[in-house]
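All chains, please: the whole structure from these sequences, using the hints.
In short: position in the sequence shown from 1, add 298, done, that's the working numbering.
Treat the hints as calculated values from the structure; they're not laboratory data. Keep in mind that this is a model prediction, so the values were computed, not measured. Using N, Cα and C, we set each Cβ at its ideal position, and we do this for glycine too. Some hints could be false.
Stated by the list, open to error - With a straight-line Cα cutoff of 30 angstroms, these simulated DSS-like cross-link-like pairs (lysine-lysine) come out:
#, residue 1, residue 2
1, K366, K383
2, K458, K773
3, K567, K458
4, K724, K366
5, K585, K773
6, K458, K585
7, K379, K366
8, K567, K626
9, K626, K458
10, K585, K567
11, K753, K567
12, K724, K567
13, K753, K724
Stated by the list, open to error - Here are the computed distance ranges between Cβ atoms for each label pair:
#, residue 1, residue 2, range
14, R671, R516, 20 to 30 angstroms
15, T709, T499, 29 to 39 angstroms
16, P473, T553, 52 to 62 angstroms
17, T499, D640, 24 to 34 angstroms
18, A708, P503, 24 to 34 angstroms
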Amino acid sequence: MIDAFKTFSNRFQRDDSGALIIFGLILFVLMLMLGGLAVDLMRYENTRTNLQNTLDRSVLAAAALTQKRDPESVVRDYMLKAGLKDQLSSVNVSQALNSRTVAAVGVADIHPLFLHMLGIDKFDARGRSQAYQTITNVEIVLVLDVSGSMANNNKINNLKTAATEFVDTILTADPEHRVSIAIVPYNAQVNVGADLASAFTVNNPNGVSNVNCFEPARASFGTSLAISRTAPLSMTAYADYSNGTDTTSGYVSPTSPYAVPQYGGVFCKQNTYNAVKLPSTNAATIKANINALQAQGNTSITLGMKWGATMLDPSMRSAYAGFIAQGKMPASQPARPFDYSDPQALKFVILMTDGAHVEHYRVVDQYKYGPSRIYRSAADGQYSVRCDTGCPAAAGANRFYVPQTGTWQATPWNGGVEQGWQDIWKQLKLSYVVQQFYTRPYGITYNTQRDAMVKWYASRTDMDASLNQTCDFVKGQGVTVYGIAFEAPPVGQTAIRNCSTDPVHGSHYFAADGLQIQTAFRTIAANLSMLKLTQ
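Written out as C-alpha cells, the structure is:
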C-alpha cells in the first residue's frame, strides 16, 4: 500500500501535462485586470473632462461684469443643464469695485467596473476653475480720417457704422465707467474745438468762433510726444486763399465776388461736427459725435496722430480736471490722463485713414495776426494801404496807396482805420489782398507776393517722417496703437502699418475694404477684453 502511494506520487511529480493551462489562466486574469484598468481610466478621463469644461464655461459666464444674474446662480444653472448638478461641490464669488472673481470646484464619483478586483471600489474625478474679469482704467482715442475722399464709395457711412458699434461693444462692458473714449477727427488740419484750445497758449488767434486749428512747430515732433501747453502755439489763419480773383492791373471793388471770401477751400471749417471731442463715457454722446462727422478737405495723418497722442499725455491732466469741474467731462474720470507707468491704466490709439499725406497751404505767421497796414473806411468800405519802407517813386512824400483811385495820398482814405490781419481775412480773399495792396502799388508780381504769404505746411516726406516720430514716442510709452488702412493706397497703408504696434508682424494693423472696417473694429474691441481664464 505504501509502495503504491510512493509510485503514484513519483509519477505525479514527473508528469508536466496541463501546466500551461494554469499559467494561461493567470495571464488571462492579469490581462482582464489591465484591460479593465484602461476602461476605467477612460471613463474617469471622460467624466473629468466633461466636468472641467462645464466648470470653465460656467465661471467665465458668471465672472463677466455685464452678467446681471447672481454669479453663483449662473454656475449652478450651467451645471444643472449639463446634467452635473450633483457634481458641483462649491462656488466662491469675490466682488470688487471694478472686478469679479468666480471659482468653482466639482467632484464626480466614479464606480469602477474592473478596478474593484484590486480593492478599489470608488475614485473621484475632480475639477476646479477660476475666472476673473477686471476693468482697469482704459483711455481710448479714435483718430479718424474725415478728408474729402471719405465721401466716396460710402466710406464715411461705413466708418460711422463700425465706430459706433465699437463704442457700444466697449462701453456696454464697462458698468463702472472706467473706459473713456475721445475722438480726434482730422483732414488737412485738426479743429480742436474751443474747450481744448483754451488749455493751450494760443499765438496768432484768428478771432473766428469754432475755428480752432493749430500748426505745431515741426521741431516739436522730434522732441516731445505731446503738444506743449505752455509754448506758444500758432493758430491757423481763417483765410480764403484758394479761390481765384481778378488779377488785372486795374481796380476791383472790395464788394465784388473776386474780393469777398467764400472759404470753400478752407480745411478748418467753421463748425463743431468735425472738432475734437473730449474723453467721455457716455455711449450715446460719443455715437452722436461720430454720426455727425462730415468728409471734407485733404489729409494730414501726422497732425491727427499728434493730437491723438496729446489727448493721452499726462500733461493734459490739469486741463481735464478743469473740464470736469466745468461739467465738460464726466466726474467719473478724475486723474486722467493717467501716468504711462500706472499699472492700472491702459492707453490705446485707433488710427484710421483712407488716404496718404497731402501737401497743403497755410498762411505764414507774419500775415496771421497783428497790424496789417491796411486801412478800411467805415464810411464807404474802401481801403488804403500804408507804405513804411521801400515805397515806389510814384508815392513821393505820401505813404498811403488807395486802390480805388490808383493814387497815393498823405492820410488813409476817408478816415480809414487800420485793420488787424485776422480782420482782413474776414473781409477779403488773400488773392485780392495780394493784387490790390502789393502788386498794384509796389509792382511786385502776384506769384512772388502770394508765395511770401502762403507756404506749404510740410512736404509729404516730412509729414511721413513726423508721423513716425510721434508713433515711436507713443509706443515707447507703452501705448497700444491699432492702425486701419481703409481702402487706402499703398503709401497710406505703409504709413499706418508702420505706426501700429508690432508693424513687422502686423498684429495690430488692418487693411479693410467696404464693410470689412466693421470686422477691424470688432477685432480691436475683442482684443481689449480683459476676461481671462486663470485656472
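Discussion item. Tell me the numbers of any earlier hints that the structure contravenes, in ascending order.
Written reply: Those not satisfied come down to hint 4.
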